[in-house]
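Engineer: Residue-level listing of the chains:
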Amino acid sequence: MSFLRNPPGTPESAFLLFCRLVFGGLLLLAGGGKLMNPGAFALAIDAFKLPLPPEALPVLAFVIPWAEVIAGALLVVGWASREAAAVLFAMMLGFTGGIISVIARDLPIDCGCFGNTFDGLRRVPLLGGVAKFLSGDQISMTTVLRNATFLGAFLAVLLRGGGRFALESSRVSRADSPASRDESLPQPEAART
Amino acid sequence: MAGFCPYRFVAIGFVILSVSAVDGSLRPVTLPKFGEPRADRQPLAVSIPVSEDAGAEPAAATELSDDTLTAPILRQLIDGGSLFLVDARIPAEFEAGHLPYAVNLTLPDFLAGRPEVLDFHDPSTLTVVYCGGGDCDSSEKVREMLESYGFQSVLVYKEGFPGWIAHGGELMTP
Chain A
912 MSFLRNPPGT
922 PESAFLLFCR
932 LVFGGLLLLA
942 GGGKLMNPGA
952 FALAIDAFKL
962 PLPPEALPVL
972 AFVIPWAEVI
982 AGALLVVGWA
992 SREAAAVLFA
1002 MMLGFTGGII
1012 SVIARDLPID
1022 CGCFGNTFDG
1032 LRRVPLLGGV
1042 AKFLSGDQIS
1052 MTTVLRNATF
1062 LGAFLAVLLR
1072 GGGRFALESS
1082 RVSRADSPAS
1092 RDESLPQPEA
1102 ART
Chain B
50 MAGFCPYRFV
60 AIGFVILSVS
70 AVDGSLRPVT
80 LPKFGEPRAD
90 RQPLAVSIPV
100 SEDAGAEPAA
110 ATELSDDTLT
120 APILRQLIDG
130 GSLFLVDARI
140 PAEFEAGHLP
150 YAVNLTLPDF
160 LAGRPEVLDF
170 HDPSTLTVVY
180 CGGGDCDSSE
190 KVREMLESYG
200 FQSVLVYKEG
210 FPGWIAHGGE
220 LMTP
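Taken in sequence, the protein lines are chains A and B.
Under the working numbering, residues 912 to 1104 are what the first sequence spells out, in order.
Under the working numbering, residues 50 to 223 are what the second sequence spells out, in order.
A portion of the hints provided could be inaccurate.
Claimed, not checked - Facing chain A, from chain B, some residues (calculated, C-beta under 7 Å):
| id | residue |
| --- | --- |
| 1 | Val71 |
| 2 | Asp72 |
| 3 | Leu75 |
| 4 | Phe143 |
Stated by the list, open to error - Okay, the calculated bits of chain A under chain B, using three or more residues with CB under 8 Å as the criterion:
| id | stretch |
| --- | --- |
| 5 | 924-935 |
| 6 | 1001-1011 |
Unchecked claim - Pair ranges (Cβ atoms, derived):
| id | chain 1 | residue 1 | chain 2 | residue 2 | range |
| --- | --- | --- | --- | --- | --- |
| 7 | B | Met221 | A | Leu1078 | 48 to 54 Å |
| 8 | B | Val166 | A | Pro922 | 51 to 57 Å |
| 9 | A | Val933 | B | Ala161 | 29 to 35 Å |
| 10 | B | Leu220 | A | Gly920 | 25 to 31 Å |
| 11 | B | Lys82 | A | Phe929 | 44 to 50 Å |
Hints were generated in silico from the structure; no laboratory data involved.
Glycine included, each C-beta is placed from N, C-alpha and C at the ideal position.
Whole structure, please, built from the sequences with the hints as guidance.
Structural biologist: Here you go:
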């Protein structure tokens, strides 16, 4: 597991950038789509027929989309990448559990995972297929496969950070730069004693 | 390289909860409450228009219930023209193809109040709601919402969209 302690190189950072931009960006869009109509999203949660009190539905209808928007935006810009990825990883685990339970109970329902975000793309050639994969008509094993892809991407960022192209990385590298550790520069009094 | 910071993780969670609380208080969501489907529904006296090519026995008036509403009868009602047909499936499914002259009306459409499309239909008109067939319960819920707006002659086509396809029914796209 020593590779986890080494900072990511350029190819790995490029992969992490891809994970952050694509999967963080998709979650950002998904959250935005749900926030357009929180009532519809509350009904989508209700359709899962999970053992939740009715009062929890309106709360979740705001918390889940805002978590997607805020954590997705953090992931895209690359600030607090690991923590944002942890939030999204935990949420995606919960979603996947719910989806598997729907498949096990054979409920013919719509996922509601992306709200109406990609409805406009369904008729566009090529993009329509992507839109259908992302916001498929009905929950199926394809939905689980899609979520597994998201889980893998978030886990990669959680374990390895945002990479050297992340906003946080530029701050860290400035702090760790040789110039900042140059002993020829005047040191604080406490450091010399 | 910055490691995982639990304090930052908690701070992000706090921001998410705070923003959600503010947004939720500014535009609260009130969901309709649905009970079990009513078992005491009486059959409706319906005049089924005679259709020459429907292949069914013409009937001037008959009693229809959810259980007796079949695809051939529904086809005759659609051909007759005096029917408000509601597709309760999600918009993406509706756009892919729907029963002729159906209007897409899903549960979320009722969250903002009375949908405008209801203004164009007489509440006494025979209304048929369908969804994806099988265990889908959106038809029942949409029927309850329609009844709450004064539509009293509402039937659910239980076989739904798959039943219509199985009977070779024609489809329309928006």
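Engineer: It remains to establish, for every hint, whether it holds in the given structure.
Structural biologist: Consistency of the hints with the structure:
| no. | hint | result |
| --- | --- | --- |
| 1 | Val71 | violated, 9 Å |
| 2 | Asp72 | holds, 5 Å |
| 3 | Leu75 | violated, 10 Å |
| 4 | Phe143 | violated, 11 Å |
| 5 | 924-935 | violated (count 0) |
| 6 | 1001-1011 | violated (count 0) |
| 7 | B/Met221 x A/Leu1078: 48 to 54 Å | holds, 51 Å |
| 8 | B/Val166 x A/Pro922: 51 to 57 Å | holds, 55 Å |
| 9 | A/Val933 x B/Ala161: 29 to 35 Å | holds, 33 Å |
| 10 | B/Leu220 x A/Gly920: 25 to 31 Å | violated, 55 Å |
| 11 | B/Lys82 x A/Phe929: 44 to 50 Å | holds, 45 Å |
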